[in-house]
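Colleague: Protein sequences appear in the order of chains A and B. So the first sequence is numbered by the working numbering: it starts at 188 and just counts up by one. So the second sequence is numbered by the working numbering: it starts at -4 and just counts up by one.
It should be emphasised that the hints constitute simulated quantities derived from the structure, not laboratory data. Where hints are given, some of them may not hold.
[Claimed, not checked] Only pairs whose alpha carbons sit at most 30 Å apart, straight line, appear in this in silico BS3-like list of lysine-lysine:
no. : chain 1 : residue 1 : chain 2 : residue 2
1   : B       : LYS440    : A       : LYS258
2   : A       : LYS272    : B       : LYS395
3   : B       : LYS468    : A       : LYS279
4   : A       : LYS258    : B       : LYS487
5   : B       : LYS487    : A       : LYS335
6   : A       : LYS335    : B       : LYS419
7   : B       : LYS487    : A       : LYS339
8   : A       : LYS339    : B       : LYS440
9   : A       : LYS335    : B       : LYS220
10  : B       : LYS468    : A       : LYS288
11  : A       : LYS338    : B       : LYS487
12  : B       : LYS425    : A       : LYS264
13  : B       : LYS487    : A       : LYS279
14  : A       : LYS335    : B       : LYS418
15  : B       : LYS487    : A       : LYS238
[To be verified] Derived DEER-like restraints, expressed as beta-carbon distance ranges:
no. : chain 1 : residue 1 : chain 2 : residue 2 : range
16  : B       : GLN293    : A       : GLU332    : 49 to 59 Å
17  : B       : SER456    : A       : LYS296    : 42 to 52 Å
18  : A       : GLU332    : B       : THR441    : 26 to 36 Å
19  : A       : PHE283    : B       : THR300    : 50 to 60 Å
Backbone N, C-alpha and C define an ideal beta-carbon position, used for all residues, glycine too.
Chain by chain, the residues:
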Amino acid sequence: PTLLIVAWCLFSSRQWEFTKSEWLCAWTLQCCYTFDEISAKIKQCRDWLEKEEDIFRTFYQFVFDYLKQPKTTNIEKQEALFAWKIVGIDKKWTLFPRWEKFLEENPAKVIPRDGWNMLLRFIQTIDTNMQNYNENDSWPTLLDEFVKAVKKEFQ
Amino acid sequence: MERVSHYLDAGTEAKIKEVVERELITAHMKTLVEMEGSGMVSMLKDDKTEDLTRMYQLLGRVPKGHDIMRQVLGDFVRETGKQIVESPENQNKETTYVQQLLDLKQKYDNILAKAMGNDKNFQHALNQAFEHFINLSPKSPEYISLFIDDKLRKGLKGVSEEEMEQTLDKVMMLFRFIQEKDIFEKYYKQHLAKRLLLGRSASDDAERSMISKLKTECGYQFTSKLEGMFQDMKQSSLTIDGFKNYVNALDPNPLKGLELNVQVLTTGFWPTQSASKCTLPQEIVVCCEVFQKYYLSQHSGRRLTWQTTMGTGELRAFFGTKRHELNVSTHQMVILLLFNQVDTLTFKDLLTATGIPGPDLHKTILPLLVPAHKILLKNPPVPKFSPTDSFSFNENFKSKLFRVKVVQVAQKESEPERGETQKKVDEDRKHMIEAAIVRIMKARKTMQHANLVAEVTKQLSSRFRPNPITIKKRIESLIEREYLERSSSDRKMYNYLA
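Pulled out of the complex, with its shape left as it was, chain A reads as follows (with noise of 0.2 Å):
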């Protein structure tokens, strides 16, 4: 997610645009004068982003709103499902598979911005068996319906 981490570090506003302003600004914040001192930097983000949850938080969530039509305030599902293989979050939890499919039989057809976020929630703070999730608790509709597929599923 090269890119996106480019586009992140230069706090992008508009998709797959970098103007010349955003791109001079963000390196010197950075100290990158040079070509070499960029990839190492964005080599950096990367660790940093494999580590710190907080960080990849804010990654996490600026990638929605990188990715989502100006207007709107969510994307569509195969465009979601797509976004969350780029930033990894197939290969950081074991049940993204099974989300997967499950987001694929789901009528639903675009993901809102509470919906991305509350699932990088999920899968920090709910363990794989669901036992601690509560559905009478906060977490979005979705989620519900698939902690309900997957113990279903468990029986």
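Using the hints, position chain B against chain A.
Modeller: Relative to chain A, chain B alone:
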């Protein structure tokens, strides 16, 4: 006991009493109460109030005595009530269903009064049991409304005003147990509309009395539309009087001898009806236009839409030499008037000429074919309808009565109609939940998820019991529409976004 107080120390009395009670009563009370043939259940079944009084007083002496009785009472009432609610025979007979519930309540109110001195805790247990089984069946609200409808239509024939009041009060007690009061309101509105528009309400006073009872129970909001419906009826009759005077003064009479009665209904008050399609014959269209002109001259800035589904028509018909007056629905009238021009028409002809959609046409013609008032003949005379079937005017129609009333409107809903009503109720509920959420969040600014759900449930409890998952869905929708946001510090907390 007096002998004891003579020779033993006063302090011992209490202790000995306790031991005696414990040994004699507590040890055996469970068995006593639960005994098969003579335990509490059989006492309740057979209304053995004296036995129950004795048991109540006896068990009152020990701490847990009443708890056991309450438990058995609650369970037994729940069981009996559940049987009434779920019994297959009662499924389509609203009056028996509700009557049995009323009788049950009466029975236990008596027992409570006579045997238990209206003990508040027992009253509470009884109420909880009733609330439990009444809400087991989703049809309870509809049936209770139908029961009331039946009583209000039959009116005071053979029933004194006092008895009517008493019955209505008792039904109100059942009403209090309904959790889904908004469903009841929808049905009550529908039934009231039919009663008012078709002139079936037997007593205005009884109707008003019922509405004021509902108002006391549920507040002004619940009944404001019902009262609006009454206002409309009154206003309409004044309007019609004015119209008749106006028309009679005109020369030549634009209605050409036809008499038109119009009920003008304010859209917001009456249950929404899909505008039915129906092509009215020319003579009637002319009358409607005259009325419309008159009305709009009195009240400018209003829009009138003609609704033909609930109207009635009176036709003077000649069958051979006999004359009869037929009281039919507007749609039936339209169909019959077509036979003034031709003797026979096919189903397809009727479809094109009247513009009434197929299934409705079918429902409308059926009553005209039944043996009791066979005004039309069907060829082939089989129950099934097909586009090529032909209908003809029955010259040989006979009836003992001069005025023949063709009963059309079914009181109870068909399954598809019930589905429609449920959908409308669900829509309304969604809006009410969202309104409640926004109202609460605006006041509190920030709130925990669990508290928000509890508060919403509390605010809506007078109308229905919202499901926590539904509330969650509404919260999500509001987050998406940026009325609320999740707090960044605590994911279980929401903030209000102005």
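Colleague: All hints are to be evaluated individually against the structure, with a verdict given for each.
Modeller: Structure-based check of each hint:
1. About 27 Å separates the Cα atoms of LYS440/B and LYS258/A, which keeps this hinted pair within 30 Å; it holds.
2. Taking the CA atoms of LYS272/A and LYS395/B, the gap is near 83 Å; set against the 30 Å cutoff, the hint is violated.
3. For the hint linking LYS468/B to LYS279/A, the alpha-carbon distance of about 28 Å falls within 30 Å, and the restraint holds.
4. Distance restraint check for LYS258/A and LYS487/B: the Cα-Cα separation of roughly 27 Å lies within the 30 Å cut-off, and the hinted pair is therefore satisfied.
5. For the suggested pair LYS487/B and LYS335/A, the alpha carbons sit about 20 Å apart, so the restraint of at most 30 Å is met.
6. For the suggested pair LYS335/A and LYS419/B, the alpha carbons sit about 28 Å apart, so the restraint of at most 30 Å is met.
7. Restraint check: the Cα-Cα separation between LYS487/B and LYS339/A comes to about 26 Å, which is no more than 30 Å; the hinted pair holds.
8. Taken as a hint, the LYS339/A and LYS440/B pair is broken in the structure, with Cα atoms around 38 Å apart against an allowance of 30 Å.
9. Only pairs whose Cα atoms come within 30 Å are accepted, and LYS335/A paired with LYS220/B is rejected, the gap being roughly 42 Å.
10. With a CA separation close to 22 Å, the supplied pair LYS468/B and LYS288/A stays within the 30 Å bound.
11. Between the alpha carbons of LYS338/A and LYS487/B the distance comes to roughly 23 Å, so the proposed pair stays at or under 30 Å and holds.
12. Only pairs whose Cα atoms come within 30 Å are accepted, and LYS425/B paired with LYS264/A is accepted, the gap being roughly 25 Å.
13. Taking the CA atoms of LYS487/B and LYS279/A, the gap is about 24 Å. The hint holds against a cut of 30 Å.
14. Simply put, LYS335/A and LYS418/B have alpha-carbon atoms about 26 Å apart, close enough for the 30 Å limit, and the pair holds.
15. Under the criterion of a C-alpha separation no larger than 30 Å, the hint pairing LYS487/B with LYS238/A is consistent with the structure, at around 26 Å.
16. Range check, GLN293/B to GLU332/A: about 57 Å between beta-carbon atoms, so the 49 to 59 Å window is met.
17. Between SER456/B and LYS296/A the beta carbons are some 35 Å apart, a value that contradicts the proposed interval 42 to 52 Å.
18. Distance hint check for GLU332/A and THR441/B: the Cβ-Cβ separation is about 28 Å, which falls inside the suggested range of 26 to 36 Å.
19. At roughly 56 Å, the beta-carbon separation of PHE283/A and THR300/B lies within the given 50 to 60 Å, and the hint holds.
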